[in-house]
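Model the full assembly from the supplied sequences, consistent with the hints where possible.
As given, the protein sequences belong to chains W and S, one line each in that order. Each residue of the first sequence is one higher than the last, beginning at 1 in this note's numbering. Each residue of the second sequence is one higher than the last, beginning at 1 in this note's numbering.
Hints were generated in silico from the structure; no laboratory data involved. On a predicted model such as this, the values are computed, not experimentally measured, just so you know. What you were told as hints is all true, and nothing was included just to trick you.
Label pairs and their computed distance ranges (CB to CB):
#1 S:Glu54 / W:Glu17: 44 to 50 Å
#2 S:Leu113 / W:Gly40: 14 to 20 Å
#3 W:Pro114 / S:Thr14: 38 to 44 Å
#4 S:Gly16 / W:Asp66: 44 to 50 Å
#5 S:Ala2 / W:Ser51: 29 to 35 Å
#6 W:Ala82 / S:Arg15: 35 to 41 Å
#7 S:Pro8 / W:Thr27: 34 to 40 Å
#8 W:Val44 / S:Leu113: 28 to 34 Å
#9 W:Gln14 / S:His67: 47 to 53 Å
#10 W:Glu17 / S:Arg63: 44 to 50 Å
C-beta atoms are modelled at their ideal positions from N, C-alpha and C, and glycine is treated no differently.
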Amino acid sequence: SQQGEEDPQALSIQEGENATMNCSYKTSINNLQWYRQNSGRGLVHLILIRSNEREKHSGRLRVTLDTSKKSSSLLITASRAADTASYFCATDPIGSGNTGKLIFGQGTTLQVKP
Amino acid sequence: DAGVTQSPTHLIKTRGQQVTLRCSPKSGHDTVSWYQQALGQGPQFIFQYYEEEERQRGNFPDRFSGHQFPNYSSELNVNALLLGDSALYLCASSLVLAKNIQYFGAGTRLSVL
Chain W
1 SQQGEEDPQA LSIQEGENAT MNCSYKTSIN NLQWYRQNSG RGLVHLILIR SNEREKHSGR
61 LRVTLDTSKK SSSLLITASR AADTASYFCA TDPIGSGNTG KLIFGQGTTL QVKP
Chain S
1 DAGVTQSPTH LIKTRGQQVT LRCSPKSGHD TVSWYQQALG QGPQFIFQYY EEEERQRGNF
61 PDRFSGHQFP NYSSELNVNA LLLGDSALYL CASSLVLAKN IQYFGAGTRL SVL
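Laid out in structure tokens, this is it:
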């Protein structure tokens, strides 16, 4: 079963614009991660935010986490055509004992038009 | 430094057959996890291997089994294939002390006809 639900399912923007995608989850977590997947290929790890963190930056990526609302957002600033991909959030639920048993959302498909 | 490699890239089988997928982890990694990703969905955790033993398992039937070898490489076996087993199968490797940071291979696309 999927832990996370992502919103929107699909997003289309122009190059240079910002892209924001959201993830909601159901149970308490140790941490939350965001991954990128190009055209049904393997996933690339983007960023991890721990449950005691509220915001984290990595290059053009900004992730926020609101544990009271059980939600996270991923912001990609100044988007490029190369950012076109599917983006997934993945949670590590409390009680899983840091097993690495990641639970993924259904993903947001981002299209950046040149 | 080779990343996670999976073979084969694509595979076509018929219902009832058996399939074996292979994965070599990133150099230095000792833990391998397998995921199934149906079209348009997020990956779903199948199981995880460490020290040649299955350590965690997701909600998958016993038709799905695996193995880890002393060199940390791993196999995923699926018996009595069903049409619904058609999916992208992803292997991810990690260090046992940092299991959350997983490096994924490009996957094996399995089509069951």
